[in-house]
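Enquirer: Residue-level listing of the chains:
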Amino acid sequence: MHFRSRVARAAPYAVLLALAAWFYAIAAQIEYVGPSDRIGPDFWPKAILGAMGLLCAYEIVKSLFFAGPQSVSGMLQNLMEDAAEDEPDGAAAGGARPPDLARLAAGVAVTLGYVAAVEWLGFFVATAAFLALFIVVGGYRRWGVALVAGVAGSLAMVVIFMKIVYVSLPLGAGPFHALSLALLAALGVR
Amino acid sequence: MDTLAQLATGFVHVLTPANLTVLFIGLVLGLLVAVLPGLTLVMGVVLALPFTYAMDVTPAIVLLTAMYVTGTYGGALTAILFRVPGEPIDVPLLWDGYTMARKGAPAKALGWTLLAAFVGGIVSACVMVAFSAPVARIALTLSTPEYFAIIFFGLASVVSLGGGSVTNALISLCLGLLISTVGVDGTYGAERFAFGVPMLIDGIEYLLVMVGAYGIGEVFTRLYVGFDNAGAARAGRVRTELPGLREIGALKMVLARSSLVGVIVGLVPGAGATIASFVAYGTEGQYGKRRRELGTGIPDGIVAPQTAATSSVGGAMIPLLTMGIPGSGATAIILGAFLLHGIQPGPQIFSNPEQAEIAYAVFASMFIGVIGMCLMGYFFIKLLVRVLEFPEAVVSAFVVMFCFIGAFAARNNLSDLYVIAAFGVLGFLFEKFRFPIAPLVLGSILGPLAESTFMTTMISFDNDWTVFFTRPTAGAIMGLALLALGYPLFRHWREHRRISGDAGP
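Chains as they are written, first to last, in my numbering: chain A, 55 to 244; chain B, 12 to 516.
Derived from the structure by calculation, the hints contain no laboratory data. Be aware that one or more of the hints could be misleading.
Claimed, not checked - FRET-style restraints, in silico, Cβ to Cβ:
1. A:L241 x B:R113: 48 to 58 Å
2. A:F119 x B:D475: 34 to 44 Å
3. B:R303 x A:G193: 41 to 51 Å
4. B:A116 x A:A239: 56 to 66 Å
Using N, Cα and C, we set each Cβ at its ideal position, and we do this for glycine too.
Could you put the whole structure together from the sequences, leaning on the hints where they help?
Expert: Right under this line is the structure:
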């Protein structure tokens, strides 16, 4: 295997190892009051982080120096592989499409945007916008349907959660607060 | 007799209009979720959780349990008809179920699936009724070392039984356990990994980890790959043809074997319906009378995985109800619903008359739910598979919203939305780098219980860790856990030797 691909394979474990070391250092500074002959609140996280560090180190060494296709795998994987070997026509194989990082980034951005805006826009407006945008980002190109699904879906959720299930959803700020209150009054939600 | 009397009371509780309505809704939602690829039964139960906040505890648990049971069945319909497994559980059904359908007998294949789900569900419900109270009595005699050993066994099982690399599963488990340590510790009241952030001082709720990593993480993964917005092919003329009594008689051993496999796998904390389904298919491949014909479209290959998947539900509910240990994602959410209503499942549940009533109502709802599920599967199959015509982008947008509402409604805290969005990204990264999510989630769920039982044992036994191995019950369970962890290593070593032998001089 090429050295660059070995490094790429080891990279996630290196990140996790660094994270484990950092957290271990923080755990070593946990302050508490208790008898000195007893294990403290730092023991459990330190044990977990120690185990995690060892596992990451093992994977880094394996990826860099002993890289191969085999790894110790779980029982479900083995069963699936065994069954796939016996399979007459590879029925389980699905049609793969090229992954799209830009589409994912847009989806994550819309999701984070919703989280940031819901307090200000209120549930109804933010949800309608989110649903319509996420549907479009997801590759559904009928804009009118996306918009209707967004508004109708948001309205349905307001009715279900605020009128039937009694969940107190965010009302928004400024004009959006007034809009939410007007909508709730129209729906008969007190 | 006492058990049957309590079960009868349970039926009386469930057969009220309100509870029956909730049960019906649970069955419909469970079937819909199972039919849609990308929406797993765990996600379905997660999405239903916010609806339970305003309910009493009995209808809340009845709703979630109904979704859990039907979630093991609905995906079989699309796996057989369209080669679209709604759940990972349904993959083994592609091999014989879809093949039988392709040979011109889809109605018969659907009939076998229905029968298998019915038998598995009823066996599962009977096992729950028969064994829960005795197991709870045994659990009352256990002490913290035994409890820790059981949890350790559960965590070891989820690592060794799951798919993918065992090292990655262990790392995922460590991360889950680490997440559960954030906040104020229960023994000393010390602040850990909170960095002075009030939200972190309160700790990270496992519900947020679960909703984020399973729900939003899965949506992000499918968005990255590309949603299927075209929808599956139209169902055409779909019907179910039930097998005759003689045909059923010929498969009685398959039904018995698979029910047993399902219940046992379900009992193991960490294993679930997917593993039960694969193990039952594998068992038929090894011991079945028609093992050489598996994969050619025979009923044995349909009945085994479906029976085991449905019967695993009862097995998984037993450790939850009797020890408060959720063995799977779905039972973890059901535990969450119990806790939200102020009830801590555990051995005392059967000695408290009020709580025992709830437990038996859940058992009764299983019987009614299984029958309802089969009736719906028989009569409304055409309607159910039409769900596949919904564009995935639309369904996924609503899934994200339900995840947000579920997380927000639990604590009425908008900051929790950031947490589940972050776990959504983590869930995607886990999928991308092939780290399994189940150990992360189970680690965050069982972490606090594991730590508290470990710390209490250490304090009670003067830091003597050998107590986990020297007490008979704890030692036996720890031995099993170590065997579970060692099995993949042994198998790997054996495979390695076999390959080396084949490539030898």
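Enquirer: Okay, A116 of chain B versus A239 of chain A on CB: inside 56 to 66 Å?
Expert: holds, 58 Å
Enquirer: Does the Cβ pair L241 of chain A, R113 of chain B satisfy 48 to 58 Å?
Expert: holds, 50 Å
Enquirer: Do F119 of chain A and D475 of chain B keep their Cβ atoms within the hinted range of 34 to 44 Å?
Expert: Given about 39 Å between the Cβ atoms, the range holds.
Enquirer: The hint says 41 to 51 Å between R303 of chain B and G193 of chain A; measuring C-beta to C-beta, is that right?
Expert: holds, 44 Å
Taken one by one, the earlier hints all hold for this structure without exception.
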